[in-house]
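Participant: Sequence:
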Amino acid sequence: MHCDTLLGGFCLPHPDHKCPLRQSLFCSECSLFGHDLQACPEKMGKRLLVRDSDSEIRKKLQSLNIVIKKGQPSKYILKQYVKEKGLRLVYQPTSFT
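For the sequence shown, numbering that gives the first Met the number 0 assigns the number 0 to the initial residue and increments by one for each residue that follows.
You may find that some hints are simply not true.
[What the hints assert, rightly or not] Okay, derived cross-link-like pairs now, DSS-like style, lysine-lysine, Cα gap no bigger than 30 Å in a straight line:
#1 K74 x K45
#2 K78 x K68
#3 K59 x K78
#4 K74 x K58
#5 K69 x K84
#6 K59 x K74
#7 K58 x K69
#8 K45 x K59
#9 K84 x K58
#10 K84 x K68
#11 K68 x K82
#12 K59 x K69
#13 K59 x K82
#14 K84 x K59
#15 K45 x K84
#16 K58 x K82
#17 K58 x K45
#18 K45 x K68
#19 K78 x K17
#20 K69 x K82
#21 K74 x K84
#22 K58 x K78
#23 K45 x K78
Keep in mind that the hints were calculated from the coordinates and are not lab data.
Let the hints inform the model, and build the full structure from the sequences given.
Facilitator: Set out below in structure tokens:
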């Protein structure tokens, strides 16, 4: 069950595909209920997830073998890469802890 981790033993048993908590999730990409943007089947292979911090963006660019010259803004380089590849850039929130 999807809600078991959140509600513990306070929910009635039900199959995962009929979980009311899961069905309440709304995907802003395909505008359907039942999953969130992180699990959207339409965009799983067509997006690039990156944490929204300069150091994480630089790490991602290095992992993609993109050379960053001194003084170049890393967000701009990443946006150009995503545009060339036909991907959708999705920023993950940085943790506050």
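Participant: Holds or violated: K74 and K84, Cα atoms, limit 30 Å.
Facilitator: 15 Å, holds
Participant: Against the 30 Å threshold, does the CA-CA distance of K59 and K82 hold or violate the hint?
Facilitator: Roughly 16 Å between the alpha carbons, so the hint for K59 and K82 holds.
Participant: Given the hint that K58 pairs with K78, test it: the Cα-Cα distance must not exceed 30 Å.
Facilitator: 15 Å, holds
Participant: Holds or violated: K59 with K78, Cα cutoff 30 Å?
Facilitator: 12 Å, holds
Participant: Given the hint that K78 pairs with K17, does the C-alpha gap stay at or below 30 Å?
Facilitator: 38 Å, violated
Participant: Hinted pair, alpha-carbon criterion (30 Å max): K58, K69. Please report holds or violated.
Facilitator: Within the cut-off at roughly 15 Å; holds.
Participant: With a cut-off of 30 Å on the C-alpha distance, tell me whether K78 and K68 pass.
Facilitator: 16 Å, holds
Participant: Within 30 Å, alpha carbon to alpha carbon, are K59 and K69?
Facilitator: The given pair, whose Cα atoms are some 16 Å apart, holds under the 30 Å limit.
Participant: Holds or violated: K45 with K59, Cα cutoff 30 Å?
Facilitator: 16 Å, holds
Participant: Are K45 and K84 close enough, with their CA atoms no more than 30 Å apart?
Facilitator: 9 Å, holds
Participant: Is the Cα-Cα distance between K69 and K82 30 Å or less?
Facilitator: 22 Å, holds
Participant: Verify the proposed pairing of K45 with K68, using a straight-line Cα cut of 30 Å.
Facilitator: 27 Å, holds
Of the numbered hints stated above, the single one contradicted by the structure is hint 19.
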